[in-house]
Amino acid sequence: MALPPPPAVELRALTKRFGGLLANAGVDLRVAAGTIHGVIGENGAGKSTAMKLLLGLLPADAGQIFIRGERWARPSPAGARALGLGMVHQHFLLADPYTALDNLLLAEGPGRPLLLRRDAARAELRALAQRHGLEMDWDAPVASLPVGVRQRLEILKLLAGRAEILVLDEPTAVLTPLETGRLFEQLRRLRDEGKTVILVTHKLREVMAVTDQISVFRAGRVTGERRTSETTPEELAQLMVGRPVALRWAAAPGLAGGEERLAVADLGLAAVGGAARPRLSGITFSVGAGEIVGVAGVEGNGQSELIQALLHPCDRRCRTGGTVRILGREVTRWSPRAIRDLGVGVVPEDRLREGLLPARPLWENFLLGRQREPAFQRGGLLRPAAVAAAAARAVADYDVRPPALGQAAGALSGGNQQKLILARELGRAPRLILAAQPTRGVDVGAIEDIHQRLVRARDAGAGVLLVSSELEEIRALADRTLVMFDGRIVAEYPRGGATERELGLKMGGA
Amino acid sequence: MLSAGWQLAAATLRGAAPLVYGTLGGWCAERAGVVNLALEGLLLSGAFAAAVVAHTTHSAWLGALAGGLGGLALAAVYGLLVLRWRANQIVAGMGLNLLAAGLTPVLCKMLYDDTGRTPSLTLAERWQVAPLYGCWLLVAVAWFVARYTRWGLWHGFAGEQPAALDAAGVGVNRVRWVAVLTGGVVAGWGGAALSLGASSCFSRDLAAGRGYMALAALIFGRWRPVPAALACLLFGFCEAAQDRLQGVRFGSGEPVPVQFIQILPYVVTILVLAGWAGAARPPRALGTVFSREGNH
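Chains as they are written, first to last, in our numbering: chain A, 1 to 510; chain B, 1 to 296.
Rather than coming from a laboratory, the hints here were simulated on the basis of the structure.
Quick reminder that beta carbons are idealized off the backbone N, C-alpha and C, glycines included.
Where hints are given, some of them may not hold.
Stated by the list, open to error - Short, incomplete list of chain B residues facing chain A, as computed with Cβ under 10 Å: (1) Y148; (2) W154; (3) F157; (4) A163; (5) G169.
Unchecked claim - Using C-beta positions, here's what the derived DEER-type ranges look like: (6) B/L80 / A/L342: 53 to 59 Å; (7) A/P146 / B/A4: 56 to 62 Å; (8) B/L111 / A/G20: 50 to 56 Å; (9) B/R84 / A/D28: 35 to 41 Å.
Kindly produce the complete structure, drawing on both the sequences and the hints.
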């Protein structure tokens, strides 16, 4: 009887430590050749670190890597290339001002003729792209290419380097549902051509849709191996979190027709950096008390700018025209502080830069932006005992773990950081909540909790503006859904008024 | 009238030459992602080494060679500080400028018992014509290398997207070392053009802010060699013009005080940086340390 072929990739007891953090605590992983293999896990579970070790980008502290059954003793990026290993990073490794062609010429690496032969390379790459059914505009600067095309360029880069084992790290984070579908078709085609694909993601639906086999990471280890056809999203979620999780959950509808909390009329924001289109134009919508208005869209279509413009309407870099009314007051010329003092809670998109001071302790982060409240200060001096007591209550109430008030906020997991922000912002009983990507990089277990908090705040009468690039989140929570594309609102649907496919098409500008 | 015009043009080229070397030296480092505020120090160390060697060997060419080595030596120190030890690039650059400004008079004192200047060079020891076209030759080389060679591509990616370079199996810091050292040699030649060409000895503060002007030209030229070199021509023209404007009277009044005329190139530098530079986009990774561990 013939021996089964060796796995394309095998990791044995791989260990990697960053300072005090054990990122990989003995990872064992086998990926069969010619398959699409899903690697899932929450943020910080160690999947990205394991992939960097596999690609030779970081040295492992202990453990072994086998490629096609052979021990790879001294991993390095150059060695990975020689072995046919390649990775599409979450943040593309492309240089904007250079053409697609130059970005691929770079990837050829050392040991090639000094003079660049662009014409010959272009002809070869055209043939390669055609063979794999991937179109590319080779002479366009990367800056002018849509995100999906950039990703295609990264895949072509690997194929041009004769990669046989392709690792894709969170490849769908920046794609529209339509582009995601196209990517998956491309991956299947690559598998059918004999390539091995490793898909790293935290989206359960995607691993279910496209993979053959799945490995689940938790706390630096592989905690489960499943054949995709023999598992369910619920089982995978449980393996990821370590306890049962409710995945399918839709909020009960909110009250319609509450009094107006936010009204935006004809908001505009000029183009920057030579871009042809304004970053925002003609934005008009309103949010009433007791409703969640979702803003769906692929990242980079003006959602971040919209939140900025609502908080800093007086800043000319944020607003070039239009008006913003909050709680019936025209706030177009108001400062962010005055706007927040009206009763506006903000869950910012980038919590480590805009929501927290990562190096400062929990209690200070709890106080952030609330330091003028009478309960926390007297005559301009803080009342530390009162702050500590309130922070301790909030941390317990919102189940922030570990509840060590003196610990730096940056040491918390993403989910717990977000809970701390919610404790602070919702603790002021806001009448309007601006929540941007509230569950990004948050563990599956905490997502459910955050969603329920938002719904409870809505039921208590707050108006909620929810910006999210996760369609499932929008569909679960929003009473009305706006779709943004290219700085404009291109569609509006009531709850349940559009299928996922319709939303996806609108997000892609169709 | 024509001859006055030609004279002005020639003076412009003479004034621009040290700046062109300086700006190319800065371009070498900055396109690879390393801030180069140490240009002033590189010019000074190159100028000093060139003057001493030209005086000792009576050879202009050996002097010019030494100028390059003087720049190389200081650039090597800079490379150790910012590439090996990851020092803050702004602070390290300023520190080296102060070091060069202080060390050159000390060495001068030790060698010649004079803190002010090195002995005057004879005409045969001076390097006057070659640097004037040499710098434009280097501009052409820089343009060609950046555009048509693999090294040029690596050089640009080291400053724009170093992680891609790393993933392609090319050492980012190796590329940056080559860039910083090459830039040191080129800027050192700029110093030699000052002490052996524009002047006939090394004197204290000979560079007189030209390192910073070269940096301004680099920004004005948006980190591209040809436009940056052309910007140097603008500064060279200001210098040539201020020479000719000294003693000029407006109407029938007193002559304009010479100090006011001499500030012309510096005022133009400020105007250029304030008015134009805002729109320029530096290499994306400029001033950052490359480390794989940094983004795990």
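Which numbered hints fail | none
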